[in-house]
Amino acid sequence: MHRCQRWLSAGLVVCVAGVAFGQDAVTAGETGLANVTDRFVVDNLWLLISTALVFIMHLGFASLESGLTQAKNTVNILFKNTAIVAIGLITYLIIGFNLMYPGEAWTVSNWLGAFSFGASPAHDGSGMTPDYAGYTYWSDFIFQAMFAATAATIVSGAVAERIKLGPFLVFSTLYVAIVYPIIGSWKWGGGWLADRGFYDFAGSTLVHSVGGWGALAGVIVLGPRIGKYLVNEEGKCQIRPLLGHSMPLAAIGVFLLWFGWFGFNGGSVLSADPGDPSDGNWYGFGGVSLVFVTTSIAAAAGIIGAMFTSWIVQAKPDLSMALNGALAGLVGITAGADVIRVEWAVVIGLIAGVVVVLSVIGLDRLRLDDPVGAISVHLVCGIWGTLAVGLFADDARMTQLDTEGVGVGTFGDQLIGVLATGAVAFPAALIFFLILRFTVGLRVSRDEELGGLDFGEHAMEAYGGFQVFPDH
Amino acid sequence: MHRCQRWLSAGLVVCVAGVAFGQDAVTAGETGLANVTDRFVVDNLWLLISTALVFIMHLGFASLESGLTQAKNTVNILFKNTAIVAIGLITYLIIGFNLMYPGEAWTVSNWLGAFSFGASPAHDGSGMTPDYAGYTYWSDFIFQAMFAATAATIVSGAVAERIKLGPFLVFSTLYVAIVYPIIGSWKWGGGWLADRGFYDFAGSTLVHSVGGWGALAGVIVLGPRIGKYLVNEEGKCQIRPLLGHSMPLAAIGVFLLWFGWFGFNGGSVLSADPGDPSDGNWYGFGGVSLVFVTTSIAAAAGIIGAMFTSWIVQAKPDLSMALNGALAGLVGITAGADVIRVEWAVVIGLIAGVVVVLSVIGLDRLRLDDPVGAISVHLVCGIWGTLAVGLFADDARMTQLDTEGVGVGTFGDQLIGVLATGAVAFPAALIFFLILRFTVGLRVSRDEELGGLDFGEHAMEAYGGFQVFPDH
Amino acid sequence: MHRCQRWLSAGLVVCVAGVAFGQDAVTAGETGLANVTDRFVVDNLWLLISTALVFIMHLGFASLESGLTQAKNTVNILFKNTAIVAIGLITYLIIGFNLMYPGEAWTVSNWLGAFSFGASPAHDGSGMTPDYAGYTYWSDFIFQAMFAATAATIVSGAVAERIKLGPFLVFSTLYVAIVYPIIGSWKWGGGWLADRGFYDFAGSTLVHSVGGWGALAGVIVLGPRIGKYLVNEEGKCQIRPLLGHSMPLAAIGVFLLWFGWFGFNGGSVLSADPGDPSDGNWYGFGGVSLVFVTTSIAAAAGIIGAMFTSWIVQAKPDLSMALNGALAGLVGITAGADVIRVEWAVVIGLIAGVVVVLSVIGLDRLRLDDPVGAISVHLVCGIWGTLAVGLFADDARMTQLDTEGVGVGTFGDQLIGVLATGAVAFPAALIFFLILRFTVGLRVSRDEELGGLDFGEHAMEAYGGFQVFPDH
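From first to last, the protein sequence lines stand for chains A, B and C. Counting from 1, position 262 in the first sequence corresponds to residue 262 in our numbering; the numbering is continuous, with no gaps. Counting from 1, position 130 in the second sequence corresponds to residue 130 in our numbering; the numbering is continuous, with no gaps. Counting from 1, position 318 in the third sequence corresponds to residue 318 in our numbering; the numbering is continuous, with no gaps.
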C-alpha cells in the first residue's frame with residue numbers, strides 16, 4: 001500500500017500514475033540474497049561511478065556541439081542536449097531497457113526484445129545479483145540508460161543550425177526508445193549478432209555508429225546550411241567555413257568526453273576486475289586497468305594523427321581537427337579496448353586520427369554538411385574501430401573469449417555487425433526524418449536559419465550583452 | 001613535539017597557531033583498530049569520492065549563477081563562490097562540525113550542539129571507525145564540510161548583482177558557521193527532529209531549504225535590481241528580463257550540479273551499500289544503486305515537466321527553465337531518494353519541474369527579484385521534496401526504518417521539519433541581513449550597480465577585449 | 001601470432017610497428033597470480049579513478065591558461081594543452097615509464113634509469129601484483145603517465161602569447177620524456193634522493209617545481225610580451241596589465257584543478273588505505289581520508305590568504321589572485337599531504353596564499369613576464385611546500401616512515417631535494433630553449449604577436465562572430 005492512497009488530496013493523477021506503472025505490494029521476507037560479498041560491493045560501485053562519468057559525456061556533447069556552431073544557435077543546441085538526456089532516461093525506463101535486455105522474454109527470438117516497463121527488479125531477489133554477477137538490477141539499468149541517450153545526442157550535432165526543435169525531439173525519442181535498444185539487443189542482449197561471434201566491447205558499432213547512421217540520414221534529408229556550399233560564376237562549388245563560435249567550449253567538450261570515456265569503456269568491463277594475470281592472461285586483458293590504458297593511448301594517438309594530418313593537408317595545425325582526433329581515437333578503440341595490446345592501441349588511434357581528418361574533408365566535398373564532424377567521428381571511426389578488432393585483437397584472448405561464448409570477432413564477424421547495424425539504423429532514421437519532413441516539416445524557415453534558431457525556436461539569446469554578428 | 005619547535009626561524013606565529021589549535025603529543029601504540037575490513041575500505045572510499053563530487057557542485061553553482069546574470073557582475077559572482085568554498089571549509093573545521101555532530105556533548109540537549117574545534121579524532125581510535133561504521137573520522141568531516149558550504153552558495157545567486165562583497169562574506173560566514181550546523185544537528189546530529197520521526201535523506205530541507213530561506217531573506221532586505229520592475233504611465237508594473245550573459249555557462253553549471261548530485265545523494269548513503277535485496281528489501285531501498293536511479297530519473301522528469309510547462313505558459317520552450325527543471329527534480333528527490341520507488345521519482349520530478357516554472361513566474365509577480373531562480377529551486381522544491389516523502393515513500397521501508405529509529409517521515413513529521421527549519425533559518429538570515437544593512441550597508445551604490453560590481457568591487461572586468469554592453 | 005599477419009592488406013606498416021614494439025607470443029598458463037584479493041581490487045580501482053581525476057587537470061590547465069590570456073591567443077593555448085596530453089602519454093609509453101621506474105635496471109645506478117619501451121608487464125605475472133602491492137602494472141603506468149604530462153603543461157602558461165608552436169612542442173617532448181622522468185626516478189624510482197631521506201608525497205618538487213623551473217627558463221629566454229613593461233619619459237618602468245579574456249574560464253580551470261587534485265594527492269597514497277588508526281597512528285596519517293582533508297583545507301586557506309593579501313596590497317580583492325591562492329595552497333600541501341596535521345595544513349595553505357600574491361607582484365617587478373602566474377604557483381609554492389614538510393610534518397609519523405625507509409624529510413633533506421631538482425631542471429630547460437632559439441627560433445614575429453597567435457599559428461579564431469579587440 002502506498003502513502004498516496006492515504007493522501008488523496010495530493011491528487012488522483014499521481015495515484016493513477018502509480019497504478020499505470022504496475023505497483024506491487026512489498027512483501028517482507030519473501031526473498032534473500034544471502035550474501036553481498038565485498039567484491040560485489042566494489043564491482044557495483046564501479047558501475048555506478050561509471051554511470052556518473054558517462055553522464056558527464058552529455059555535457060561534453062553539449063559543449064562541443066555548441067562550441068563548434070554559431071553563437072546564434074547556441075541556446076537551441078544546449079536545449080536539445082538537455083532534453084535528450086531527459087528523453088533518453090525516461091524512455092529507457094518505460095520501454096528501452098527490456099527491449100534491449102529481454103533475458104528469455106524475446107518478442108521475436110534473438111531479433112526483437114520484450115515490450116514491458118523496464119524498471120522492476122524480480123521479487124525473488126534473483127534480479128538483484130545472481131543473474132548480474134557484479135551489480136544490482138538498478139546499477140545495470142542506470143548504466144545502460146546513460147549509454148542509451150548518447151546515441152541520440154550524436155545526431156544532434158550533425159543536424160544543428162537548421163532543424164526544427166519539435167521534430168528533432170520526436171525523432172530522438174523514437175530513435176533512442178526503439179532503434180537503439182533493438183540493435184543493441186542483437187549483441188549485448190544476447191541476440192543473433194552475439195551468436196554470430198560479433199565483438200563490440202563498449203559500442204563502436206552499437207552506440208557510436210548507430211548515432212552516426214542517424215546523423216548521416218539527418219544530414220541527407222535536411223541538406224546543407226544556407227551559405228555553406230556556394231556555386232561561383234564558373235559553376236564550381238566553393239566550401240565556406242561557418243566558424244564555430246567558441247573554441248574553449250569545444251575543448252571543454254572534448255576533454256569532458258574523454259573523461260567520461262573512462263566510465264564508458266572502463267564501466268563496460270561490468271566489474272572492477274583489475275585484469276587477473278593468472279590463467280595465462282598475464283597481459284591483463286579484460287580488466288579495467290588495461291582498458292584505461294588502451295583508451296587513453298588511443299585518444300593520445302588520435303590527437304597526434306589528426307594534428308599531423310591537418311598540419312600537412314591544411315598547412316596549419318587545426319585545433320578542431322586535433323580535438324576530433326582525440327574523439328576519433330576514443331571511438332576507434334571502443335570496440336576492442338579490452339582485447340587489444342597497447343602498441344596496437346597506438347596504431348588504431350593514429351589511423352583513426354588520420355581518417356577523421358580525411359573524412360571531414362571528404363564529406364564536405366560530397367556536400368554533406370555536418371557542422372561538428374559527428375559522422376566522421378562516430379560513424380566512420382566507429383566502423384574503423386569495429387573492423388580493427390578483426391585485425392588487431394589478441395588471438396589468444398579471442399580464442400579464450402570464444403570458448404566462453406563471448407564472441408571471437410573475426411574480420412568477417414565484425415563486418416557483418418557493421419553492415420547489419422547500418423542496414424537497420426540508417427533506413428530507420430531516414431524513414432523517421434522523411435515522415436517528419438513531409439508532415440510537420442523538418443527544417444526551419446530561411447529567415448529563422450539566418451536570424452538564428454535561438455530567437456526563432458526559443459525567443460532567447462545565448463550571450464546577452466555581447467555583440468554577436470549572426471552573419472559572420 | 002613538533003618540528004616547528006626546532007625551526008623557530010619559521011616564526012613564532014605558526015607555533016602559536018599550533019598551540020591555539022591544541023596540539024597533543026602523539027603516543028605510539030596507545031590505540032588500535034584491530035581490523036580494517038575490505039568493506040570498510042570500500043565504504044570509506046565511496047564517501048571520499050562523493051566528497052570530490054560534492055566539491056564540483058561549487059563550480060556548478062559558480063557557473064550557473066554567473067551564466068544567468070549580467071557580464072558586468074561576473075567577476076563578483078565568481079569571487080563570491082570561490083570565497084564561500086574557503087569560508088565553508090574553514091569555519092566547519094573551526095566550529096561547524098562539532099556544532100552539527102555533537103555526539104553526547106550537546107550544549108543544550110538535542111537543540112544546540114557543541115562549541116569546540118571540529119577536527120580532532122579521538123585518541124583511543126574510537127573516532128576512526130567503531131563509531132563510524134563505514135568511514136573514518138576524516139572522511140566524515142570532509143564530506144560534511146563540503147555539504148556545509150553549499151547552503152551559503154545557494155544564497156549567493158539570489159542576492160547577485162547588487163550586494164556588497166564584504167557584508168555578503170560576513171553573512172555567509174555566520175550562516176554557514178552557525179545557522180546551518182545548528183539546524184542540521186536537529187536531524188543528522190541526532191537532535192529533536194530525529195526523535196520526532198522527521199526524514200530528510202540528503203537535505204531537501206536541511207541543506208536546500210536552509211539555503212533557500214537565506215536567499216528569500218536576502219532578496220527581501222535588498223530589494224530588486226534597478227530596472228527589473230518598471231511602473232509605466234498607467235501605474236502598472238512591468239517585469240523586464242535582465243538577461244543572463246552566457247547560456248553555455250549556465251548549462252555547464254547545471255550539468256556539473258547533476259554530476260555532483262551523484263555524490264550528494266549517493267554519498268549520503270554513508271556507505272557503498274548496493275542495496276541488499278535480502279531481508280525483504282528486494283527493491284533495493286537504502287542502497288546507492290537505487291539512489292542513483294531515483295536521482296537521475298527525477299532530474300530527467302524535472303526537465304520534461306519544466307520544458308512543457310514553459311512551452312505552454314511562455315509559448316516558447318525556455319532553456320533556463322529546462323535547466324532549472326533538472327535542478328528542481330534533483331532538489332525534490334533529495335529528501336527521499338533512498339525510500340521512493342522509481343515510478344514515484346518520475347512523479348516527484350515532474351511536479352517539481354512544473355512547480356519551479358510557476359514559482360519563478362510567481363515570485364516575479366510578487367516583485368521578489370531572484371536573478372537565478374534560487375528560491376524557486378532550493379526553497380520551494382526543497383519543501384516539495386520533503387513533503388513528498390510523506391506522500392510517496394514506500395510504506396514497508398519506512399516501517400523498517402522506524403523500527404531502526406531512523407525516522408518514519410509521515411506527512412506531519414515532514415511538515416514539522418519544514419516549518420521548524422523555516423522558523424529558525426529565515427529569521428536568522430533576516431536579522432543578519434538587517435544588521436548588516438543598518439551598520440555597514442548591504443547594497444552597492446546606484447552608480448556601481450549600473451556600472452557593474454566587477455569594476456566597483458574588484459576593479460576588474462571578466463571579459464577583457466570583448467565589447468560588452470552593461471545596459472543591455 | 002597476431003591478426004594483422006592474417007590481414008596483410010591492412011598494410012605492412014602496422015605490422016612493422018608491431019615488431020618494433022617487440023611483440024611476444026602469449027603462452028597460456030605460464031603464470032599465475034593465485035589470488036586477486038578484494039582489497040587489491042579496491043586499491044587498484046582507486047588508482048584508476050585517480051587517473052581519471054588527474055586527467056581532468058589537463059582541462060583545468062587549458063581553461064585556466066586560456067582564461068588568463070588574451071582572446072587572440074586562445075586557440076593556440078588550447079592546442080598546446082591538447083597536444084601536450086598526447087605527447088606526455090605517448091612519450092611516457094615509449095621511454096618515460098622505465099626511465100622513471102627502472103626497478104633494478106638502472107643505466108647509472110640511482111641516477112639514471114633504464115632506456116626501454118615502457119609498457120610490457122613481466123610474463124611471469126610478477127609485474128602485475130606482487131611487486132605492486134595494490135595495483136596492476138597497467139594502473140601504475142597510466143597513473144604515472146597522467147602525472148608526467150602535467151609538468152610540461154605548467155610551462156605552457158608561462159610562455160604563452162609569444163612562443164612558436166613547433167619549438168614549444170619540441171621542448172615539451174624533450175622535457176616530459178627525459179628531464180621529468182630522470183628527476184622523478186631519484187625519489188619515486190628509488191634513486192639517490194630517496195636514499196638521502198628526501199620526502200615528496202605527491203610532487204611539490206618532483207612535478208610542480210620541475211614544471212616551474214621549465215617555466216622560469218622559458219620566460220627568461222623569451223622575454224616579456226610586447227607592451228607588458230613600458231619605459232616612460234622619465235625612464236621608469238611601468239607594468240601594464242594584459243588582461244585575461246575570460247574569468248569564467250579561469251575559474252572553471254581552477255575548480256577543475258582542485259577537483260583533479262583529489263586524485264593527484266589522493267591517488268598518490270597508491271591504495272585506498274583509509275588511514276588505519278591502529279599501531280599508534282590514531283590520527284590517520286598516510287591514509288586517503290586525511291589526504292583529502294589536508295588537501296582541501298590547504299586550498300581553502302590559500303584562498304583566504306591570497307584574498308586578504310590582495311585586498312590589502314592591491315586595495316581591491318582580486319579574483320585571479322584568489323584563484324591562484326587555491327592553487328598555491330594545493331601545490332604547497334602536495335609534498336606533505338599525508339604526514340601533516342590539519343591545523344598545520346591551514347598554516348601551510350595560508351602562507352602559500354600570501355606568498356603567491358607577493359611572488360606574482362615581485363616577478364613583475366623583475367620584469368619576468370608570466371601571464372598566468374605559473375612560476376609563482378608551481379615553482380615558488382612548490383619549494384615552499386617541500387620545505388614545509390621539514391617544518392611541520394608530524395615527528396612520530398616521520399620517525400615511523402624513516403624506519404620503513406620511506407624518507408624522514410628533515411629540513412636539510414628537503415632543501416637538498418629542492419636544490420638538486422633546480423640544479424638539473426632549470427639548466428636543462430634553459431639549454432633546450434636556447435638551442436631552439438638559436439636554431440629554429442623560439443618567438444613569433446612582432447606582427448604575429450600583435451595580431452595574435454591564433455591567426456598566425458593556426459589560421460583560426462577562437463570566437464567566431466564575436467567582436468574581439470586584439471589590442472585592448
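I should point out that these hints are in silico values taken from the structure, not numbers from a laboratory. Certain hints may be false.
Cross-link-like lysine-lysine pairs, in silico, DSS-like; alpha carbons within 30 Å at most [what the hints assert, rightly or not]:
#1 C:K316 <-> C:K228
#2 C:K228 <-> B:K228
#3 C:K228 <-> A:K316
Pairwise CB distance ranges (calculated) [what the hints assert, rightly or not]:
#4 A:Q467 <-> B:F117: 33 to 41 Å
#5 B:G227 <-> A:Q467: 19 to 27 Å
#6 B:L450 <-> A:P427: 55 to 63 Å
#7 B:A315 <-> A:Q467: 21 to 29 Å
#8 C:V313 <-> B:A315: 51 to 59 Å
#9 B:E234 <-> A:Y229: 33 to 41 Å
#10 B:D402 <-> A:I435: 33 to 41 Å
#11 A:E104 <-> B:V406: 35 to 43 Å
Ideal Cβ positions, reconstructed from N, Cα and C, are used throughout, including at glycine.
Point to revise | Which numbered hints fail | key: Failing hints, ascending: 2, 4, 9 and 10.
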